[in-house]
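Visitor: Sequence:
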Amino acid sequence: MAITAALTVLLTLIHVACGQLEDVIIDRYFIPTHCSREVQIGDYVRYQYNGTLEDGRKFDSSLDKGFPFVGQVGVESKVIPGLDKGVQGMCVNERRKITIPPHLAYGVLGAGLVIPPDATLVFDVLLLDLWNKEDKVQIRTLHKQQNCKRTVMPRDFVRYHYNGSLLVGNLFDSSHLRNSTYDTYVGQGSLIRGMEEGLLGMCVGERRLFIIPPFLAYDDKGYGTKVPPYATLVFDVLLVDVYNVKDDVNVEVQKIPQPCRRRAVVGDFIRYHYNGTFQDGTVFDSSYSRNSTYNTFIGMGYVIAGIDKALQGVCVGEWRRVTVPPHLAYGENGSGELIPGSAVLIFDLHIIDFHNPKDQVDIKVIYKPADCNLTSAANDLIMYRYNCSLLDATHLYSSDDFPEPPRVTLGQGKLIAGLDEGLQGMCVLERREITVPPHLAHGTNGALGVPSSAVLLFELELLQLQKGVPEGFLFIWLQDSPEPLFPAMDMNQDQEVPLEEFSAFIKLQVAEGRGRLHSGINSDVILRDMFKKQDRNADGKITEDELNIIVNEDDEVPKHEEL
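Each residue of the sequence shown is one higher than the one before, starting from 1 at the first, in the numbering used here.
Quick caveat, the hints were computed from the structure, so don't treat them as lab data.
Worth double-checking, as some hints may not be accurate.
To be verified - For lysine-lysine, the following DSSO-like pairs were computed, each having C-alpha atoms within a straight-line distance of at most 27 Å:
#, residue 1, residue 2
1, Lys221, Lys65
2, Lys364, Lys467
3, Lys136, Lys221
4, Lys133, Lys226
5, Lys149, Lys255
6, Lys368, Lys221
7, Lys133, Lys78
Claimed, not checked - The following label-pair restraints were derived from C-beta to C-beta distances:
#, residue 1, residue 2, range
8, Tyr367, Gln493, 51 to 59 Å
9, Arg321, Phe402, 36 to 44 Å
10, Ala504, Tyr397, 41 to 49 Å
11, His143, Ser190, 23 to 31 Å
12, Ser174, Lys133, 39 to 47 Å
13, Arg193, Lys78, 26 to 34 Å
14, Phe473, Ala511, 26 to 34 Å
15, Ser174, Asp60, 30 to 38 Å
Each residue gets a CB set at the ideal place from its N, CA and C atoms; glycine is no exception.
Kindly produce the complete structure, drawing on both the sequences and the hints.
Guide: Here it is as structure tokens:
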């Protein structure tokens with residue numbers, strides 16, 4: 001019943017008339033704006049009072065005694081009948097002046113030396129509390145999340161914030177003031193019975209108001225100096241977390257690419273992005289804020305056990321939401337100031353890539369010409385097109401970004417090892433898609449624009465192929481060399497071969513397909529080097545004696561080095 005505070009009601013239950021006895025006179029001089037319940041016969045009440053005679057002399061006071069009056073109204077009452085009647089209809093926080101005639105007080109006898117015979121008594125009463133033995137915990141839902149997947153059950157462990165106050169509104173405790181949740185098991189006797197009853201069925205993020213009668217709270221004992229005996233308690237509770245010690249990691253697959261060519265296993269090295277939140281949605285960490293993936297091995301104890309388990313079986317590009325109970329996260333101690341003890345953690349994961357240290361280059365042929373007789377190999381000079389990206393399709397670089405496609409000699413360490421390997425064995429116009437693990441790419445350091453430990457995906461097309469020579473050679477014969485060699489080299493038959501004549505001879509062999517120069521070195525440099533090796537006396541010309549070498553006396557076949 002709501003009554004305006006400004007209204008002062010003078011209530012006379014029975015007026016004096018025609019010789020009738022006076023009844024209690026009630027002056028409701030302060031009425032709270034909200035009154036959800038009024039005192040009725042059979043209720044228990046707790047109130048402060050001052051008792052005076054009509055002349056103002058005080059004869060009794062609960063304030064002087066240091067504790068309020070507690071009793072049941074109208075049932076074997078411990079107080080005079082007039083006071084019993086006077087408190088009926090009161091609201092908590094209401095103040096009344098109750099004037100009691102002698103016949104409803106101590107009558108013609110009075111009370112010892114304190115209250116004279118036929119004394120009218122005046123009581124100033126403040127109602128502090130009101131309850132009934134039939135009362136139950138009152139639960140009011142103030143806010144509830146729309147998506148509630150789980151509610152508190154007996155034996156669950158909960159973390160919650162609360163404000164605790166008495167029925168008159170006095171705050172006696174608050175977890176918010178300590179900036180720390182209250183953490184406990186439900187249904188194991190560690191809470192007052194009314195709190196356990198109120199917590200059951202709550203969802204994370206839900207806010208409830210509990211009104212707990214004294215016998216379901218601290219009853220006649222109270223709690224410390226702030227909760228008096230026989231106090232009804234009001235708790236404003238926000239559930240932050242709930243889990244059970246039997247909980248396992250919960251994995252919700254939100255998006256999975258098709259096809260999923262491979263799933264991660266123990267021992268793989270993985271790169272992923274994540275957002276880490278508590279169950280109430282509060283973010284505690286994010287790889288996105290650092291603009292860097294989290295990189296680790298799977299199943300080797302480098303991350304919390306719950307994440308280690310949840311990463312097994314993922315695909316590249318997959319999105320997962322992982323709920324990790326505390327015993328598979330940071331346990332009762334938490335982690336520094338970032339993660340409180342016994343916190344359930346939720347991770348939204350995006351898998352960027354993973355590989356195994358034993359992985360080799362994976363080659364997928366997209367197109368191969370029907371006529372494929374000549375294929376690339378180490379020491380060959382090639383021209384090729386490429387696009388390079390991460391496994392999540394992030395573009396890194398492309399040959400199309402340059403005026404013309406690159407030329408490179410294979411097997412000379414000019415490319416990352418995995419790309420060099422992937423370009424070998426190709427036909428001209430063949431197209432491939434190769435996947436290069438980081439230990440065959442840019443490794444843990446990465447490169448300009450390439451993250452550390454990144455798996456690379458190349459789209460390749462071989463445009464031109466110029467066959468090279470074996471390692472250590474500058475020139476090789478593709479057919480049998482002329483025998484004898486010197487007369488063929490001495491093109492003007494003057495018995496000596498200067499550099500110009502030597503160069504012309506070798507270039508003729510290459511042009512006619514009988515020989516091949518090293519493709520990765522300037523041909524003039526090669527020819528000068530070859531000439532220098534044959535011109536043993538360094539006189540600027542090669543003679544037949546210098547060209548032919550007898551290995552031993554028994555070997556009558558002349559030998560020569562490069563040629």
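Visitor: For every hint, state whether the structure bears it out.
Guide: To see whether the hints hold, each was checked on the structure:
1. With a C-alpha separation of about 18 Å, the suggested pairing of lysine 221 with lysine 65 holds against the 27 Å cut-off.
2. This hinted pair checks out: lysine 364 and lysine 467 have alpha carbons roughly 23 Å apart, not beyond 27 Å.
3. Distance check on the hinted pair: lysine 136 and lysine 221 sit about 19 Å apart at the alpha-carbon level, within 27 Å; holds.
4. Distance check on the hinted pair: lysine 133 and lysine 226 sit about 23 Å apart at the alpha-carbon level, within 27 Å; holds.
5. About 20 Å separates the Cα atoms of lysine 149 and lysine 255, which keeps this hinted pair within 27 Å; it holds.
6. Taking the CA atoms of lysine 368 and lysine 221, the gap is about 89 Å. The hint is violated against a cut of 27 Å.
7. Restraint check: the Cα-Cα separation between lysine 133 and lysine 78 comes to about 18 Å, which is no more than 27 Å; the hinted pair holds.
8. For tyrosine 367 paired with glutamine 493, a C-beta distance near 53 Å keeps the hint of 51 to 59 Å intact.
9. Between arginine 321 and phenylalanine 402, the C-beta spacing of about 42 Å keeps the proposed range 36 to 44 Å intact.
10. Between alanine 504 and tyrosine 397 the CB atoms are about 42 Å apart, so this pair conforms to the stated range of 41 to 49 Å.
11. The hinted window of 23 to 31 Å between histidine 143 and serine 190 holds, with their beta carbons roughly 26 Å apart.
12. At roughly 29 Å, the beta-carbon separation of serine 174 and lysine 133 lies outside the given 39 to 47 Å, and the hint is violated.
13. A beta carbon spacing of about 27 Å between arginine 193 and lysine 78 agrees with the range 26 to 34 Å that was offered as a hint.
14. In this structure, phenylalanine 473 and alanine 511 break the distance hint of 26 to 34 Å, their C-beta atoms being roughly 19 Å apart.
15. A hinted range of 30 to 38 Å holds for the C-beta pair serine 174 and aspartate 60, which are about 35 Å apart.
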